[in-house]
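Peer 1: Heads up: the sequence lines are chains A and B, in that order.
For what it's worth, the numbering used here labels the leading residue of the first sequence as 1, then goes sequentially.
For what it's worth, the numbering used here labels the leading residue of the second sequence as 424, then goes sequentially.
Hints in this document: simulated from the structure, not taken from any laboratory.
C-beta atoms are modelled at their ideal positions from N, C-alpha and C, and glycine is treated no differently.
There's no promise every hint is true.
[As the list claims (entries may be wrong)] Reference listing, derived: stretches of chain B covered by chain A, where coverage requires no fewer than 3 residues with Cβ under 8 Å from a Cβ of chain A:
1. 471-485
2. 587-594
[What the hints assert, rightly or not] Dumping the calculated EDC-like pairs for lysine to aspartate or glutamate here, alpha-carbon to alpha-carbon at most 16 Å:
3. A:Lys153 to A:Asp214
4. B:Lys576 to B:Asp594
5. B:Lys586 to A:Asp402
6. A:Lys163 to B:Glu458
7. B:Lys576 to B:Glu751
8. A:Lys331 to A:Glu316
[Claimed, not checked] Residues from chain B that face chain A, not an exhaustive set, calculated with beta carbons under 7 Å:
9. Leu446
10. Thr449
11. Gly456
12. Val459
13. Thr463
14. Ile549
15. Ala553
16. Gly571
17. Pro573
18. Lys576
19. Leu618
20. Tyr632
21. Ser727
22. Ser728
Protein chains: 2
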Amino acid sequence: MIAEIIAAGSEMLTPYRQDTNSLYLTAQLNTLGVEVAFKTIVGDNRAHLTQAARIAIDRADIVLFSGGLGPTEDDLTREAVADALGRTLRRDNELIASLHKRFAARRMTMPPNNLRQTEIIDGATILENANGSAPGQYIDTTVPGPDGTPHRKIVILLPGPPKELKPLFDDLCMPLLARMLPPRHLTRRVLRMALIPESQVDARTSPIYKTYPDVETTILAGNAEIQLHFACAKPTLEEAQARVDELTGKIEQEMGDAVFSAHGESLEEIVLLHLGMRHLSLAVAESCTGGLFAERLTSVPNSSSTFSGGAVVYTEELKTTFAGVPPELFKTHGAVSPEVARALAEGIRANAHTSLGIGITGLAGPAGGTPGPDELKPVGLVYIALADGVDTQVKEFYIPGDRDRVRLWATQNALELIRQSLL
Amino acid sequence: MIAEIIAAGSEMLTPYRQDTNSLYLTAQLNTLGVEVAFKTIVGDNRAHLTQAARIAIDRADIVLFSGGLGPTEDDLTREAVADALGRTLRRDNELIASLHKRFAARRMTMPPNNLRQTEIIDGATILENANGSAPGQYIDTTVPGPDGTPHRKIVILLPGPPKELKPLFDDLCMPLLARMLPPRHLTRRVLRMALIPESQVDARTSPIYKTYPDVETTILAGNAEIQLHFACAKPTLEEAQARVDELTGKIEQEMGDAVFSAHGESLEEIVLLHLGMRHLSLAVAESCTGGLFAERLTSVPNSSSTFSGGAVVYTEELKTTFAGVPPELFKTHGAVSPEVARALAEGIRANAHTSLGIGITGLAGPAGGTPGPDELKPVGLVYIALADGVDTQVKEFYIPGDRDRVRLWATQNALELIRQSLL
């Protein structure tokens with residue numbers, strides 16, 4: 001059972017816009033055991049759309065269209081699919097009435113163009129759109145295959161805006177599709193790791209996950225972390241969960257503390273969780289990361305109960321004002337030094353009255369160190385310190401890459417330093 | 424002259440990965456006057472790839488493949504395109520020699536699989552890949568159309584990794600394509616606006632840009648801003664630039680100060696530029712935005728010359744410690760109040776010894792105000808103050824949406840407040 005997703009809209013053939021609905025639809029279809037074999041992106045051109053529809057109906061069992069159901073002359077999915085199936089379009093009276101109502105409720109007269117949205121392909125089931133004026137359409141039909149035998153085909157027309165497409169697909173299409181497919185329960189789970197090369201994760205985990213051919217394992221690397229995605233479908237949910245739990249248990253054992261999250265939580269969430277469980281508070285004095293460390297933690301709702309805030313100390317003066325760094329350290333060691341990182345962590349901890357203090361200083365680039373002791377230090381050099389009132393750890397990192405990468409990896413290292421120290 | 428882009432790779436048919444090469448290729452093809460009419464995404468399946476290649480060669484003049492040129496059994500683009508064109512593959516001796524050299528230079532023996540990367544479609548021009556082991560291939564051919572007359576077709580095979588694809592396409596394919604197309608010079612320009620609804624921008628600018636049918640105008644909304652993209656192609660660059668400059672001049676006049684950038688710069692860059700020109704320095708005390716304001720400014724290289732940093736003051740205590748907010752303000756007005764915003768701006772300016780100070784306080788959600796004076800204030804309420812030592816402006820905003828949206832729009836409003844006050 002394979003599917004094709006066709007995204008209709010000329011804007012997705014420009015350098016500016018991408019089809020993203022297909023990612024969501026793919027995830028949903030996968031839960032039913034349906035693989036997406038083709039994705040096609042077509043402009044608002046009736047001949048092109050009709051041709052794409054014909055090809056898709058020929059080669060896939062389930063064809064999903066997103067977009068092209070609006071009221072304008074450019075919205076051509078209805079016509080194209082009708083042409084491809086050799087069917088006619090008819091205006092639906094109930095839809096006309098409900099559309100008039102919709103406009104009347106907003107004290108507007110319906111523009112005549114909107115009548116296009118009431119056109120239904122002969123034989124299609126209308127899928128009510130709770131969040132917009134374009135209904136979806138669901139066609140369950142058979143077409144003759146190359147050998148003349150009939151093949152069952154499902155053709156679904158969905159509105160383009162994600163806020164309309166997602167609930168409509170979930171509420172109305174998923175049950176219809178599930179009914180025609182063998183019963184199946186899918187479990188997914190995500191393990192996340194930071195600061196470890198993808199090749200190492202793969203070398204250590206593939207001998208394990210390859211012995212679970214019924215669990216689909218995907219390794220994704222990016223944003224300074226590695227994610228292992230697991231998916232398993234079985235006739236019952238218990239069986240699927242048992243297989244995934246068994247596999248992830250073995251992988252957690254192999255990877256040990258490198259796994260920061262066993263159920264998909266972000267590193268920020270995990271660090272806040274660990275701090276909260278121990279009733280610890282945290283403040284940061286960050287230089288080269290310029291607020292990114294604080295921004296990441298505060299992006300988590302309710303972070304304020306453990307993360308107090310801190311200071312973005314781009315200049316030497318502010319390092320002294322907010323974190324009490326002795327000015328002589330800049331002259332003797334430079335602002336990018338283990339000594340200043342330590343002073344930042346200890347100073348911000350003292351000033352903010354928190355249990356822990358983090359200090360981050362480094363050269364994010366593109367320019368290198370300023371004249372003085374930092375002059376010859378390379379872009380990518382970062383010092384991170386963690387002070388807990390008893391002891392202060394200071395670590396040196398060299399992070400290759402551009403400004404954004406240095407900043408992201410510096411915050412990742414800082415979060416990992418906290419997490420590891422709390423284990 | 425229309426193009427189709429085919430992205431090969433099963434990972435792009437999962438919920439996790441998207442084809443992004445096509446955005447780049449589209450931008451480059453557009454500069455030559457070539458429109459992309461179809462994009463197809465296919466998995467690592469020889470029959471599917473061959474079928475997609477046949478369809479594309481039939482319906483487009485230029486067909487670009489990205490991916491599927493690696494050394495593994497899953498890399499099938501070479502075979503599929505050869506099948507679709509009815510041609511054979513041959514191993515190229517020079518490529519074999521240079522691949523052996525490449526591995527020898529790294530003191531590695533070449534795995535036999537890599538020989539697959541030396542397979543060239545009969546009649547193809549080899550496109551040397553300076554950044555990887557998979558060369559590209561360029562085929563200039565004619566195929567009979569439906570009426571039997573010959574049609575010229577260009578078929579290009581490109582490696583999948585963007586770091587290999589982009590330079591290879593720019594350096595080797597663009598000149599070959601340009602040679603076969605009429606000479607043409609394209610000018611692009613971007614105007615950017617913030618805090619103004621897309622519908623208003625369109626209503627005010629469409630009567631202007633519609634009188635320039637030779638300039639392609641695209642309105643993009645997102646990330647709390649509106650971008651107007653202009654592109655115009657003429658036989659000479661001067662003509663193209665003159666048309667775009669004339670149109671953008673009229674639009675700038677209509678939209679006035681709402682246009683923050685006339686050549687594509689970001690709002691952060693523009694604010695830093697204005698501050699720099701006036702030799703002004705800036706510090707921030709931010710609560711609900713949690714470091715995002717500082718992070719945005721410091722993402723710009725060399726921002727440290729004007730932006731000193733500041734404080735992330737999530738707790739009342741830190742608002743007092745770092746920005747000197749009198750504690751009684753929290754009791755009488757609440758932390759989310761014009762009074763506290765003012766105190767934050769004035770306090771951080773004084774403590775950081777900067778020309779300007781910004782204070783941001785608000786409720787980003789999802790939870791509402793804490794017990795006390797903030798208790799009944801709605802999520803999305805934000806106060807922003809700008810202090811310059813003489814005067815302090817305080818503004819109230821109500822920003823609907825989720826936590827991320829409230830935070831982004833709050834920083835956008837803060838940046839606009841600075842920009843407007845410097846005009």
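Peer 1: State for each hint whether it applies.
Peer 2: How the hints compare with the structure:
With 5 residues having a beta carbon nearer than 8 Å to a beta carbon of chain A, the segment 471-485 of chain B meets the requirement of three or more and the stated coverage holds. Counting residues of the segment 587-594 of chain B whose C-beta lies closer than 8 Å to any C-beta of chain A gives 0; at least three are required, and the coverage claim is violated. Taking the CA atoms of Lys153 (chain A) and Asp214 (chain A), the gap is near 27 Å; set against the 16 Å cutoff, the hint is violated. At roughly 20 Å between alpha-carbon atoms, Lys576 (chain B) and Asp594 (chain B) are farther apart than 16 Å, so this suggested pair is violated.
Restraint check: the Cα-Cα separation between Lys586 (chain B) and Asp402 (chain A) comes to about 14 Å, which is no more than 16 Å; the hinted pair holds. For a cut-off of 16 Å, the pair hint linking Lys163 (chain A) to Glu458 (chain B) is broken: about 30 Å separates their Cα positions. Taken as a hint, the Lys576 (chain B) and Glu751 (chain B) pair is broken in the structure, with Cα atoms around 76 Å apart against an allowance of 16 Å. A distance of roughly 10 Å separates the Cα atoms of Lys331 (chain A) and Glu316 (chain A); the hinted pair therefore holds under the 16 Å criterion.
Using the Cβ-Cβ criterion of 7 Å, the hint placing Leu446 (chain B) at the interface with chain A is satisfied: the shortest such distance is roughly 5 Å. Against a cut-off of 7 Å between C-beta atoms, the interface hint on Thr449 (chain B) holds, since the closest Cβ of chain A lies about 5 Å away. Interface restraint check: Gly456 (chain B) against chain A, minimum CB-CB distance 14 Å, threshold 7 Å, status violated. A cut of 7 Å between beta carbons decides the hint on Val459 (chain B): the least distance to chain A is about 5 Å, and the hint holds.
For the restraint placing Thr463 (chain B) at the interface with chain A, the shortest Cβ-Cβ distance is roughly 5 Å, inside the 7 Å limit, so the hint holds. At its closest, the beta carbon of Ile549 (chain B) sits 28 Å from a beta carbon of chain A; the interface hint therefore is violated under the 7 Å criterion. Hint status for Ala553 (chain B) relative to chain A: violated, with the closest Cβ pair at about 20 Å, above 7 Å. With its C-beta approaching chain A no nearer than about 20 Å, Gly571 (chain B) sits outside the 7 Å limit, and its interface hint is violated.
With a least beta-carbon distance of about 22 Å to chain A, the hint placing Pro573 (chain B) at the interface is violated under the 7 Å criterion. A distance limit of 7 Å between C-beta atoms decides the matter here; for Lys576 (chain B) the minimum to chain A is near 17 Å, and the interface restraint is violated. The restraint placing Leu618 (chain B) at the interface with chain A is violated, with a minimum CB-CB distance near 21 Å, outside the 7 Å limit. Checking Tyr632 (chain B) against chain A by beta carbon gives a least distance of about 16 Å; that is not within 7 Å, so the hint is violated.
With a cut of 7 Å, the hint placing Ser727 (chain B) at the interface with chain A holds, because the nearest CB-to-CB distance is about 5 Å. For Ser728 (chain B), the suggested interface contact is broken, since its CB lies about 10 Å from the closest CB of chain A, more than 7 Å.
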